[in-house]
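Student: Sequence:
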Amino acid sequence: MSELMSEGVTLMILGMGFVFSFLVVLIFATTAMSKVVVKFFPEPEPVTPAPVAPTPTSGGGVDPQLLAVLKAAVKEHRSRQK
Numbered sequence: 001m002s003e004l005m006s007e008g009v010t011l012m013i014l015g016m017g018f019v020f021s022f023l024v025v026l027i028f029a030t031t032a033m034s035k036v037v038v039k040f041f042p043e044p045e046p047v048t049p050a051p052v053a054p055t056p057t058s059g060g061g062v063d064p065q066l067l068a069v070l071k072a073a074v075k076e077h078r079s080r081q082k
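Going left to right, the sequence shown walks through residues 1 to 82 as our numbering numbers them.
One or more hints might be untrue.
[To be verified] Pair by pair, the computed Cβ-Cβ distance ranges are:
no.	residue 1	residue 2	range
1	Leu66	Lys39	48 to 58 angstroms
2	Leu26	Met1	50 to 60 angstroms
3	Phe28	Ser2	36 to 46 angstroms
4	Ala50	Lys82	44 to 54 angstroms
The set of hints was computed from the structure by calculation and includes no laboratory data.
Glycine included, every Cβ here is placed at the ideal spot set by N, Cα and C.
Using the sequences and the hints given, assemble the complete structure.
Tutor: Right, dumping it as structure tokens:
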């Protein structure tokens, strides 16, 4: 192998080694930063409201006046379509 070719291979191996080393350090640094952020700034637990079950007397949670208006609107629309 010529001297120029061996220098090129050496330079390639060194370059790839530096890139690999940098990526390994980057992985450890981001993992450490993530653990620090989670430790000192934990994400609050989401509060889920309890589901409200509709009762038979409440009309399923729908305002009776709104229900009457909707029924009238549907009736009017259907009468115009015929």
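Student: Given the hint of 44 to 54 angstroms, check if Ala50 and Lys82 actually sit that far apart at their C-beta atoms.
Tutor: For Ala50 and Lys82 the Cβ distance comes to about 46 angstroms; the hint holds.
Student: How does the Cβ-Cβ distance of Leu66 and Lys39 compare with 48 to 58 angstroms: does it lie in that range?
Tutor: Taking Cβ atoms as reference, Leu66 and Lys39 lie about 50 angstroms apart, which means the hint holds.
Student: Starting from the hint 36 to 46 angstroms, judge whether the C-beta atoms of Phe28 and Ser2 obey it.
Tutor: holds, 39 angstroms
Student: Cβ-Cβ distance between Leu26 and Met1: within 50 to 60 angstroms?
Tutor: violated, 34 angstroms
Figure legend: structure checked against the earlier numbered hints; the only hint not met is number 2.
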